[in-house]
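Trainee: The lines below spell out each chain.
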Amino acid sequence: MSAITFLDYVGVTLFAVTGALSASRKQMDIIGFLFLATVTGVGGGTARDLILDVPVFWVEQHLYILVCAGAAVVTFFAAHLVESRYKWLLWLDAIALAAYGVFGAYKGLAITGSPFVAVVMGMITGTLGGILRDLLANEPSVLMRKEIYITAAMAGAVCYILAIAIGLPVIVASGVGFVVALCIRGGSLMFGWNLPPYKSRPGRPPPGRPTAV
Amino acid sequence: MSAITFLDYVGVTLFAVTGALSASRKQMDIIGFLFLATVTGVGGGTARDLILDVPVFWVEQHLYILVCAGAAVVTFFAAHLVESRYKWLLWLDAIALAAYGVFGAYKGLAITGSPFVAVVMGMITGTLGGILRDLLANEPSVLMRKEIYITAAMAGAVCYILAIAIGLPVIVASGVGFVVALCIRGGSLMFGWNLPPYKSRPGRPPPGRPTAV
Amino acid sequence: MSAITFLDYVGVTLFAVTGALSASRKQMDIIGFLFLATVTGVGGGTARDLILDVPVFWVEQHLYILVCAGAAVVTFFAAHLVESRYKWLLWLDAIALAAYGVFGAYKGLAITGSPFVAVVMGMITGTLGGILRDLLANEPSVLMRKEIYITAAMAGAVCYILAIAIGLPVIVASGVGFVVALCIRGGSLMFGWNLPPYKSRPGRPPPGRPTAV
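Which chain is which? The protein sequence lines are A, B and C, in order. Quick note on the working numbering: the first sequence kicks off at 1 and runs consecutively. Quick note on the working numbering: the second sequence kicks off at 1001 and runs consecutively. Quick note on the working numbering: the third sequence kicks off at 2001 and runs consecutively.
Worth flagging that the hints you see were computed from the coordinates, not collected in a lab. Since the model is a prediction, treat every value here as computed from it, not as a measurement.
Partner residues aside, some chain A positions facing chain C, computed with beta carbon under 8 Å:
| no. | residue |
| --- | --- |
| 1 | L50 |
| 2 | F116 |
| 3 | T151 |
| 4 | P196 |
Derived DSBU-like pairs: lysine-lysine, alpha-carbon spacing no greater than 30 Å straight-line:
| no. | chain 1 | residue 1 | chain 2 | residue 2 |
| --- | --- | --- | --- | --- |
| 5 | C | K2146 | C | K2026 |
| 6 | A | K146 | A | K26 |
| 7 | A | K26 | B | K1026 |
| 8 | A | K26 | B | K1146 |
| 9 | B | K1026 | C | K2199 |
| 10 | C | K2087 | C | K2146 |
| 11 | A | K146 | C | K2026 |
| 12 | C | K2087 | B | K1026 |
| 13 | B | K1087 | A | K26 |
| 14 | A | K26 | C | K2026 |
| 15 | B | K1146 | B | K1087 |
| 16 | A | K199 | C | K2026 |
| 17 | B | K1087 | C | K2146 |
| 18 | B | K1146 | B | K1026 |
| 19 | C | K2199 | C | K2146 |
| 20 | C | K2026 | C | K2087 |
| 21 | B | K1026 | B | K1087 |
| 22 | C | K2087 | A | K146 |
| 23 | A | K26 | A | K87 |
| 24 | B | K1026 | C | K2146 |
| 25 | B | K1146 | A | K87 |
| 26 | A | K26 | B | K1199 |
| 27 | A | K87 | A | K146 |
One-sided excerpt, in silico: chain C residues whose CB lies under 7 Å from chain A:
| no. | residue |
| --- | --- |
| 28 | S2024 |
| 29 | Q2027 |
| 30 | D2029 |
| 31 | I2031 |
| 32 | F2035 |
| 33 | L2050 |
| 34 | V2056 |
| 35 | V2059 |
| 36 | H2062 |
| 37 | I2065 |
Each residue gets a CB set at the ideal place from its N, CA and C atoms; glycine is no exception.
Work the whole structure out from these sequences, hints included.
Mentor: As structure tokens, then:
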């Protein structure tokens, strides 16, 4: 298995686990686990393949569906063993985001040849699974949290593209992109890193609530 | 009209009616009825056809759009005649789920030849319309209710596939799948059937709220 | 640049600005602006192209992504200059809805030849960006507001189709569709125009809450 295929399976599997963890937080039944794990696991890649107009990956290769189902079943029986399921959800989501964002950029670049499309594909692939998960499970969206999220997927995709542009082999470039994305997202989770949020009327904060509008 | 085409139209029409009923609960105008009926009626099948990479069914055959529009108009003028619109919504949704889930499995199997993909297609086709309806109408998602929902679509799809596998003709297999799905979903609505939900720390319920996390 | 291409860019650009304004209301960071502007700007057209089974427009022509990114950056630095950002959001959304709804009808008609599909494409193209924006930014959906919304996109699409049917050139027909849609939506915003909402039991309001169910 090549390094890039490995990132693909890491992304699908860990996103599926986060979907199952979300199902556990909502006390769904085993089929709810299967559904949410599958949608979260394959959602981003499905949108990617539809937009790139290539066959949807899990229709071609059924193993992905089985991987999602396995992740759901294991999580159903093992989730009570971990202490804070939401913390696990956030960290597994971070690894999946890094892995799958780079794989999305790889596939977008391989098929269209355009770095712009590749970066957008990395962003969609890395973040859409989590967005769908939160939407379907009726959780506050990970998008609305103050920590860096989309930025990490974007940075990983951009680093992958740059590394390819300067002639590095795919295995090195994908490693660089993965590490950058994971460090940014992980650092944000650990240390609360964030980018400056939009502030209306900079320099002239209104009396009551300085940054609110 | 073959039995399987009949299931297709039953699914689209009844999903469209549930969309219109949802619009009535939100006191939308007639165009809101048309929109929500159409999205609910054709949403699941559209995702199915995009993923299977076949022409989207209602772009090929306009009758589906007219059926959705008709369902919206009839519901706009007739919905006040029924006593509990939400109860009707749930039951029509149950029939549509059973019919459309089996049709999704049929189409998925016919095009890919893979039973795994067919079952996933049945689940998506049977449930996505209702998920979109609840999302757009800002109703609590039918997914989050305790009764069996996705499981019914899945069971219908699996029974259809098994019946085909043992050599039954499509008309019998689709009847079996439809009846199984409808009995499961209907029984769940009538008797409150559900699968055991996920419980954290089985056997050791914490003092306060036994099953919550 | 032809008139119809001009409507396309107007729609994408203004939708992108409304996405960025929505990001400003949620105090997201610059990457959040980029993401929400891009999804709002290209969301409706992406669904249109997937359903019509033609290459997704922004994968073919990268300029659209750059336009969305530019709109996000400009809005990030300029949004504090406007007095009521939500009012701007609604009005720019109105112009984008009119422009993009007509362009959707044009493309739907050009590719399928069917006026039914063209009208549905106009509705999807004109409204989906705003629906996604509100869903992702967790704002109350523009769909649920009492003013006319989907109706304006539909009216613009229908007028475009009728104008083409009586033999007017594309430039005139698209102008007619755009003006009709904008007048309907704009009048609705200014004067609170709306269509009669659904009322249960017309003529026999129950004692307590006359129109609620």
